[in-house]
Amino acid sequence: MADEPFDAEAYVDAAAKLIGLPLDPAHRPGVVLNLERIAQMAALVMAFDLPEETEPAPVYTP
Amino acid sequence: MTLATLDALSAAAAVRSGAAGAVEIAEAVLAHIEARNPALNAFTAVTAERALAEAAAIDGRRARGEALGPLAGAPFAVKNLFDIEGLTTLAGSKIDAERPPASADSFIGRKLTEAGAILFGALNMDEYAYGFTTENTHYGAAHNPHDLAHSAGGSSGGSGAAVAGGLVTIALASDTNGSIRVPSSFCGTFGLKPTYGRLSRAGTRPFVASLDHLGPLARTVGDLAASYDAMQGADPNDPAQAARPVELTLPPLEQGASGLRIAIAGGHFAGSGIAAEAVATVAKALGVTRVVEIPEAARARAAAYVITPSEGADLHFADLKSRAADFDPMTRDRFLAGALVPAVWVQRAQRFRRWYRERVMELFREVDILIAPATPCRAPKIGQETIEIDGVTVPARPFIGVYTQPLSFIGLPIVAAPLRQPGALPIAVQIIAAPWREDLALRVARVLERDGVTNAEPALA
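Protein chains in written order, with our numbering: chain A, 13 to 74; chain B, 4 to 464.
Keep in mind that the hints were calculated from the coordinates and are not lab data. Incorrect hints may appear among the rest.
In silico EDC-like links for lysine to aspartate or glutamate, alpha-carbon gap of 20 Å or less [stated by the list, open to error]:
id : chain 1 : residue 1 : chain 2 : residue 2
1  : B       : K287      : B       : E452
2  : B       : K287      : B       : D454
3  : B       : K324      : B       : D150
4  : A       : K29       : B       : E452
5  : B       : K97       : B       : D329
6  : B       : K324      : A       : E21
7  : B       : K324      : B       : E314
8  : A       : K29       : A       : D19
9  : B       : K97       : A       : D36
10 : B       : K324      : B       : E101
11 : A       : K29       : A       : E48
12 : B       : K384      : B       : D150
13 : A       : K29       : B       : D317
14 : B       : K324      : A       : E65
15 : B       : K97       : B       : D371
16 : B       : K287      : B       : D371
17 : B       : K97       : B       : E452
18 : B       : K324      : A       : D25
In isolation and in its complexed conformation, chain B is listed as follows (with noise of 0.2 Å):
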């Protein structure tokens, strides 16, 4: 590991003792951002001046013998629809580049600066997050680390390119259906996406807000919840923030998984191919044979694939009735169709998450962790468009978040823990926790990180 490819724990470890100076970490990053981007595509803007800036801070706050955040140097960048002062949020749209720069940073990414760590800059991803394969026409593709022709997956594709890429070491995103988990899994990194309503939205783009969570990817477990601890608390700006106290999940994580009920998601969930394979390596690592069936866990994934492009094309109705043309045609179509989806369908969509909800609380009475793959599949090549689910060839872009559309609709926190055999891209499962409880599903990743079971190498050439 050099300077530059530290995760960000040890990176603020290196920082507090004085083995490193937080601007020659920042250089050292600015220098691998500056070599190894153009070929990811990672980054639509770096925010190199603000970043040497924020390290000088800290180099001189240590200097006078000042107290340094948690993360102090640790190197990050949020997905371009979180607000950054100063910079115009893209939402990887060419609309939203006509309008005025933002005036502050998002909740979320002020409170991780705030820890110390620092901003890098601004993150690829599909148009106003709608994608599964941050295959952007305006911002061109965001390329994967391991193999450059693959997709990085979205819609958070540059945070998964950044963190896979060793760019920095943790990368902010959203997740409404997957575009934190199936990035993870494409690219080989860690990802949390927190309860509904866990971590304020405010300073973001909304795409659909019944559904809309963000989170962090890292390339490891301690980054995943140092970062998450940080950027817990309360914010009167999200009207759908839960009233929750802080709970830190860094303190109990070395807690491991014994006493935990565990089990496998079955039904929707189980399947043939690599998706399959890999949850059976993480259910034998874990001794876990119990199977569980999620119920209507298909019928969830319809509801959710409704409300998305209702909600959503909500949002954008004005620029769809004037500029159509000016949506990238990747997105486009399915936000003009979201506009005409009856209110049926949608009202019951609503209805059927509180009833499916139900069920899967009355599921968590006897199990705290389930585990369910997260892609069906590795990383598509770039522009490819069918993908094979257990024989049966599909759309690709469609059906790449046929696992993780299900969870999200009723907001579940939800670790994604890549695995990789050799010479093959990765792939990740979802270890699937109660509400409110990311601490459990982050003592279960730790404990395949520690065993060696996952996997989150950086990709650095």
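Looking at chain A on its own, in the form it has when it is part of the complex (with noise of 0.2 Å):
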């Protein structure tokens, strides 16, 4: 995680514009709400000291 606290909300109007993501201001709150937990838990996530020579599993077959 960036060493400076996630800005959940200007995060979400930048990524929003990016991808075409059009959003009602009365969902506005909720998923910048959503997108805090998600980002509380990815912290953990990305806190994980993972070997680089984990890959992951994927179930695709050629």
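Join these two chains into a complex; the hints should help.
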């Protein structure tokens, strides 16, 4: 995670614009709240010292 | 027990012996659904005509002396994200109601029908399976048969309510983060979430491909095993299905638990409240005192929590862009947020899954079965915003899956086994086995059932 505190409001506005996702102002507070919750969870995951040889486990079979 | 509320294997035995006709059972089931469903709101569609036709076909086969399937005449229903031929698959949404009717049944629904089970309809759920309470704004909440003011759990709340209310013997459901085990716990039914990749998911509406599983809820362990056995089989239409032979679980079901190395899951799964009491009751009954820690389980839950909205949002991205207001307010903001999750978080969560899987596999060299709570609480009231876990008040909906998420994350097979104290709502424990050892989890659940530790009696009024 970034060293600066995660600014969910600014991120939501910028990222939604970038991917062409219109956000109804009425929905925006709930989206920000949920992204904050996800960011807290992500912080736990990102803080873990994972060996670089650990690959994901995809099921893709060519 | 009336004809309507026999368990599946007993119904099939009655049909085989001629003690009851399949049509006679189907009519009793339809009458029971008509009487009880308005209060439960478990069904979103009842396929009465089809049920009676299938039942008549079974009675016809018996009259002609033809062989009957192992579940002949047993009533079942499916969460409404399973395709049913001729019906539109809603997946709990208003948006999907605009889709054309399904052209065929789901793979595992078809397997149950081939085994003689009779389909009675589609069951209520959280929109697109994203929730633990089935408080569906479009179709209404599913109500807990043991106390109508309480949630039936989710996302397969209709499945839990239908089985616990005695409306059907078996309900099929999906489980991405706990959606079979949570309703089993809140409604007091048995539930089986098989190993990831075991049962084909073809013909069902996906939610999170990395984590989606399908399985049954039932009131007896025998019905879980019999339906699970009937639903196995290779299907090229699920690319995540593993190449495993059919491994039957009903034949060894009575082999008991002696010789199995059973331990209690500590650490993340240890607590002080009602969930811990349920685990202690089961551990005492099995004579288990050993505690082992599943390493980094809290982080595993966090990783599942990151992957879920991201994969889910991708599936619904076009609708999120063009018609977000048509989503259920209970799921909408989480899907919208999911569309914005940075890729590096999701990739790291997927890599963490591999690391965590390897640590847990090491643990399964020393144990055969782990016991953990299924939910941190009994069923909250419908509309309840917070729950208490170990004395701390937390938002209800994100925390109900705190014990289920770290385990489905790596696809372990799990039986939810329900307990009930007099005058209280049920709560279940998770009986967790190594991948592909559904048989062991079911055997341990059967011991608990046989010894009267579990209680999955239906709530009929």
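So, going through the hints one by one against the coordinates:
no.: 1; hint: B/K287 <-> B/E452; in the structure: 14 Å, holds
no.: 2; hint: B/K287 <-> B/D454; in the structure: 12 Å, holds
no.: 3; hint: B/K324 <-> B/D150; in the structure: 39 Å, violated
no.: 4; hint: A/K29 <-> B/E452; in the structure: 55 Å, violated
no.: 5; hint: B/K97 <-> B/D329; in the structure: 7 Å, holds
no.: 6; hint: B/K324 <-> A/E21; in the structure: 19 Å, holds
no.: 7; hint: B/K324 <-> B/E314; in the structure: 16 Å, holds
no.: 8; hint: A/K29 <-> A/D19; in the structure: 16 Å, holds
no.: 9; hint: B/K97 <-> A/D36; in the structure: 19 Å, holds
no.: 10; hint: B/K324 <-> B/E101; in the structure: 17 Å, holds
no.: 11; hint: A/K29 <-> A/E48; in the structure: 18 Å, holds
no.: 12; hint: B/K384 <-> B/D150; in the structure: 9 Å, holds
no.: 13; hint: A/K29 <-> B/D317; in the structure: 16 Å, holds
no.: 14; hint: B/K324 <-> A/E65; in the structure: 37 Å, violated
no.: 15; hint: B/K97 <-> B/D371; in the structure: 44 Å, violated
no.: 16; hint: B/K287 <-> B/D371; in the structure: 17 Å, holds
no.: 17; hint: B/K97 <-> B/E452; in the structure: 40 Å, violated
no.: 18; hint: B/K324 <-> A/D25; in the structure: 14 Å, holds
Comparing the model with each earlier hint shows violations of hints 3, 4, 14, 15 and 17; every other hint is respected.
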